[in-house]
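Residue numbers (the working numbering), protein chains in the order written: chain G, 10 to 474; chain U, 179 to 247.
You may find that some hints are simply not true.
Ranges of calculated distance between the beta carbons of each label pair, as one might list FRET restraints [as the list claims (entries may be wrong)]: (1) N181/G with A195/U: 30 to 38 Å; (2) D230/U with N347/G: 33 to 41 Å; (3) L210/U with R21/G: 41 to 49 Å; (4) K368/G with L218/U: 55 to 63 Å; (5) D230/U with E255/G: 20 to 28 Å; (6) I220/U with N347/G: 43 to 51 Å; (7) S180/G with L218/U: 42 to 50 Å.
Hints are computed from structural coordinates only; laboratory data are not their basis.
In this text, all values refer to a predicted model and were calculated from it rather than measured experimentally.
Where is the CB? At the ideal position from N, CA and C, for every residue including glycine.
For reference, the chains in residue letters:
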Amino acid sequence: MTTNTRHSSSFRDPSGYIFIDEGILKRSISPIYFKQYEALKKAKIFENLSKAGVLIPHTELSVSDKEIVIQPEQIPFITYPYEWSFNQYKEAALLTLKLQKYCLEHGFSLKDATAFNITFHKGKAVFVDTLSFDFYEENTPWRAYKQFITHFLGPLVLAHFHGAQSLKLMSNFIDGIPVNMLSSMLPFKTKLNPFLYSNIHLLAKFEDKHNEDYKGETKQSKLSKKAQLNIITSLYDYIKKLSLKEHSEWGNYYDKTNYSDAAFIEKANIINNWVTNLNAKSIIDVGGNDGTFVRQINHNFELALVCDIDNNAVDFNHKTLKSKKESNMLPFVLDALNPSPAVGFENKERQSFIERITKYAPDVTLALAVIHHMTLSGNVPFEMSAHFFASFSEHLIIEFPKREDSWVQRLLNTKGEFKAHFDFYTIANFESCYLNHFELIEKKPIENSHRVMFLLRRKSNERKD
Amino acid sequence: MYFLYFDPGLGAMIIQAIVAAVAGVILFSKNLMYKIKLFLGISKPVDDELFDDINVEDTDIENKKTSDD
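Start from the sequences, fold in the hints, and give me the full structure.
Pasting the structure below:
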């Protein structure tokens with residue numbers, strides 16, 4: 010096996026790496042990790058954790074002296090920590106602690122605790138790094154403790170005090186938010202909380218004090234398993250109770266829109282017909298709020314990606330799908346005007362949203378009540394938004410609110426004296442720009458509203474694959 | 179020492195003894211409060227709709243097996 014097919018995100022852990030073989034993601038395990046792998050297999054750790062739904066299941070493809078190749082269950086669309094809502098992030102943190110507790114009780118330990126070891130699949134968080142498990146050595150502290158704090162506890166506590174926007178910091182700090190920065194950003198009162206004081210402020214102090222000990226003169230500390238379990242449990246209890254101070258207003262979002270019920274139903278019917286005729290298996294709703302509209306569609310998708318710029322809406326959606334136990338919907342935070350960039354080594358370690366969605370290529374894109382925000386709030390010309398939508402899926406269902414629409418009027422009025430700069434916002438201009446990239450399949454005005462629905466198919470020369 | 183591909187933090191390795199002690203006290207007092215409340219008959223609201231318990235029980239695994247298949 011040559012390493013040139015190695016996936017660009019898989020180089021940090023020398024135990025093995027993932028690679029793509031004819032479109033299928035596989036994992037190669039190096040001899041350095043054989044002992045652990047065999048022991049984990051023998052102790053049925055992989056089997057039990059996969060059955061409990063917390064670890065991605067895999068099958069063994071080949072075993073030789075040089076490498077073992079396994080094939081994990083394929084995940085159609087990967088989301089990264091900086092695209093999760095607050096409760097999704099919490100779920101990922103709790104999952105990591107759960108795994109560590111289980112490991113400790115069975116003689117193993119998680120050797121790392123990065124948030125990138127987790128993604129969302131079939132309606133819940135799942136641990137994807139099969140090689141993260143190692144033997145537990147009696148009386149040793151948890152090596153991944155600091156990583157857990159900088160990847161999970163830190164961002165969550167920041168979000169609690171400063172709002173969910175802080176979770177976005179993770180797209181810059183892919184190795185976790187530095188502890189001294191965490192400590193300095195938290196309000197003073199957190200120093201009075203014994204849990205936060207010891208886990209963040211004191212940690213920052215200790216890290217500061219010992220970070221120049223290159224000779225390893227500081228003596229190795231010992232920690233009993235019971236003591237380590239205490240840390241894990243107290244982290245779990247604290248994180249489980251953590252909440253956002255901002256409260257979601259999205260529960261009644263659809264009561265606040267300017268739709269009459271009849272228009273809403275008509276819109277749903279139009280979309281239902283189109284989606285059913287296309288026999289779409291996958292869909293992305295960019296601006297899907299809390300998923301209400303996708304749930305209206307009377308069609309079974311293999312996977313529906315529902316994104317929104319508002320963390321609260323995504324959170325609400327996440328809660329809904331957890332309580333309904335839906336497995337074919339994946340909510341995540343997306344700012345269509347500033348989608349997640351590619352980050353990490355050579356800018357290839359974590360892929361941009363555009364790269365991932367282009368590769369996934371959902372059958373249909375749903376853009377409802379989006380274009381006026383993109384055009385009038387974001388100042389994105391029709392030509393550019395058409396190019397954006399044409400880059401990732403075959404079909405586009407887009408709703409165009411005409412100038413007379415009350416929302417459009419509101420957005421235009423905020424432009425004040427520059428209102429005339431937006432005279433181009435007309436349905437004729439919209440059509441002529443979009444038809445450069447798409448063919449028109451159908452166009453339907455929604456009665457009793459100033460909105461028009463378009464079903465478009467991307468022109469063949471727009472494909473990027 | 180193991181080869182690590184990330185910085186575990188020397189300070190972080192040492193501090194865990196203190197963190198564990200603090201955690202021990204917190205857990206102990208919580209447990210005590212819980213027992214007192216239970217004794218006094220003050221009901222504890224359960225907010226476990228979204229997040230389960232920390233334990234991945236083998237019995238859960240058995241249950242999952244039958245319900246998933």
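**Prompt:** Going through the earlier hints one by one, which of them does the structure break, listed in rising order?
**Reply:** No numbers; nothing is violated.
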